[in-house]
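Q: Sequence:
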Amino acid sequence: MNIDRIIEIAEQQMANHPRPCREVGYLFNHGLRTGKLAVRLAREIDQALSVELEILLVAGLFHDVGKEFKPHNDRGAEIVAKLLKDECNPQELTAIIDIVRAHPLRDKPNVYPTAAKIVQDADLIDHFGAQGVWLAFHDAAGLSPKQMLACYRKERTPESIASIREKLNFPIAIAEFDRRVELERTFFSRLEQEIDPG
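Residue numbering for the sequence shown follows numbering that gives the first Met the number 0, starting at 0 and increasing by one per position.
Among these hints, one or two may not hold up.
Each pair of labels, with its calculated beta carbon distance range [stated by the list, open to error]:
(1) Asp3 / Ala161: 32 to 42 Å
(2) Asn88 / Glu43: 19 to 29 Å
(3) Asp195 / Glu86: 52 to 62 Å
(4) Ala161 / Glu43: 20 to 30 Å
(5) Glu86 / Gly141: 35 to 45 Å
(6) Lys84 / Leu52: 31 to 41 Å
(7) Leu52 / Gly141: 38 to 48 Å
(8) Lys69 / Ala161: 23 to 33 Å
(9) Asp177 / Asn88: 30 to 40 Å
(10) Lys84 / Lys166: 23 to 33 Å
(11) Arg164 / Asp138: 19 to 29 Å
(12) Glu10 / Trp133: 17 to 27 Å
(13) Lys35 / Asp195: 35 to 45 Å
(14) Pro112 / Phe186: 29 to 39 Å
It should be emphasised that the hints constitute simulated quantities derived from the structure, not laboratory data. Predicted model only: the values in this text are computed from it and were never measured. Even for Gly, the Cβ is constructed at its ideal location relative to N, Cα and C.
Please build the complete structure, drawing on both the sequences and the hints.
A: Put into structure tokens, the structure is as follows:
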């Protein structure tokens, strides 16, 4: 599997693709971050994984390629099958397709393979931390700082954060999530102090 070639294919497919409420290229950038984070999590989990790190990278890269369709995971699996049929051997392609198809499914955690659970975790985590700060500012374009803070706090309630945290599969992913949530809290608390130094 030629990773550079596959990243090039992903970039051609997703980098200029507009996504409502996100910057052009968001799907590609989010996918690349998700794939790289999945590889890092897999190394830290240090299980005897039955999946190659390259498969995790590619599955993470393409996990949202079908995002404009419903269900996006099934459509994404079809797109991956077409795009990568000449880039991977049949076993690699099947593994990647299975992960793309399973990435948003969390209703039966014991059914999904470890590789899919790792990509699930990386996908959720990528929306938090410095990236979460960026998303908050991006989503609040045109709002005042106070309005942006109000929107952020409405979306990132303790209950919503706890609900997302409960969906994570691995202790190392939970630790990374907690670190990123704390970074966001620290940043927005400081921003609130600077907006209203009272």
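Q: Could you run down the list of hints and mark each one as holding or not?
A: How the hints compare with the structure:
| no. | hint | result |
| --- | --- | --- |
| 1 | Asp3 / Ala161: 32 to 42 Å | holds (40 Å) |
| 2 | Asn88 / Glu43: 19 to 29 Å | holds (27 Å) |
| 3 | Asp195 / Glu86: 52 to 62 Å | holds (53 Å) |
| 4 | Ala161 / Glu43: 20 to 30 Å | holds (23 Å) |
| 5 | Glu86 / Gly141: 35 to 45 Å | holds (41 Å) |
| 6 | Lys84 / Leu52: 31 to 41 Å | violated (22 Å) |
| 7 | Leu52 / Gly141: 38 to 48 Å | holds (41 Å) |
| 8 | Lys69 / Ala161: 23 to 33 Å | holds (27 Å) |
| 9 | Asp177 / Asn88: 30 to 40 Å | holds (38 Å) |
| 10 | Lys84 / Lys166: 23 to 33 Å | holds (32 Å) |
| 11 | Arg164 / Asp138: 19 to 29 Å | holds (21 Å) |
| 12 | Glu10 / Trp133: 17 to 27 Å | holds (20 Å) |
| 13 | Lys35 / Asp195: 35 to 45 Å | holds (38 Å) |
| 14 | Pro112 / Phe186: 29 to 39 Å | holds (35 Å) |
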